Amino acid sequence: MKYEAKMEDVAVKSNYPIDIERVKELVGWNLHPWTKQVIIESPLADENWEGGDTVGDLINDLKKLPEDMPVEYDYAGMLVETVCHQGPDDETLYLYSALVVSD
0 MKYEAKMEDV
10 AVKSNYPIDI
20 ERVKELVGWN
30 LHPWTKQVII
40 ESPLADENWE
50 GGDTVGDLIN
60 DLKKLPEDMP
70 VEYDYAGMLV
80 ETVCHQGPDD
90 ETLYLYSALV
100 VSD
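Sequential numbering from 0 applies to the sequence shown in numbering that gives the first Met the number 0.
Hints listed in this document are in silico derivations from the structure and should not be mistaken for laboratory results.
A hint or two may mislead.
Stated by the list, open to error - Below, a list of computed lysine-lysine pairs in the DSS-like style, where the Cα atoms sit at most 27 Å apart:
hint, residue 1, residue 2
1, Lys-63, Lys-1
2, Lys-12, Lys-35
3, Lys-35, Lys-5
4, Lys-23, Lys-12
5, Lys-62, Lys-5
6, Lys-63, Lys-12
7, Lys-23, Lys-1
8, Lys-12, Lys-1
9, Lys-23, Lys-5
10, Lys-35, Lys-1
11, Lys-63, Lys-23
12, Lys-35, Lys-23
13, Lys-12, Lys-62
Just so you know, these numbers come straight off a predicted model, no measurement behind them.
Just need the whole structure built from these sequences, with the hints factored in.
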């Protein structure tokens, strides 16, 4: 990984610049005592992102998101969501943001 930081006794690793305060805010209650590292899998986006009312507005708003952000599908419209999930080893917490689009 390109970037590394520490949060208490937990290593934080990412290929994207790390804002440790933002990571603390996002993983807060998900950080179990047995977690040894947090892996950030994509750029972490602002969850207050809102798509525009017209196609032109939407295109301009989408341009503000990182180009390598994953897209997921849901039934709730379109939003940016940050997801935390514990890895199979239970010692790694994965964190990423995704554009969620209804299908």
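*asked:* Hints numbered earlier in the text: which of these fail when held up against the supplied structure?
replied: 5
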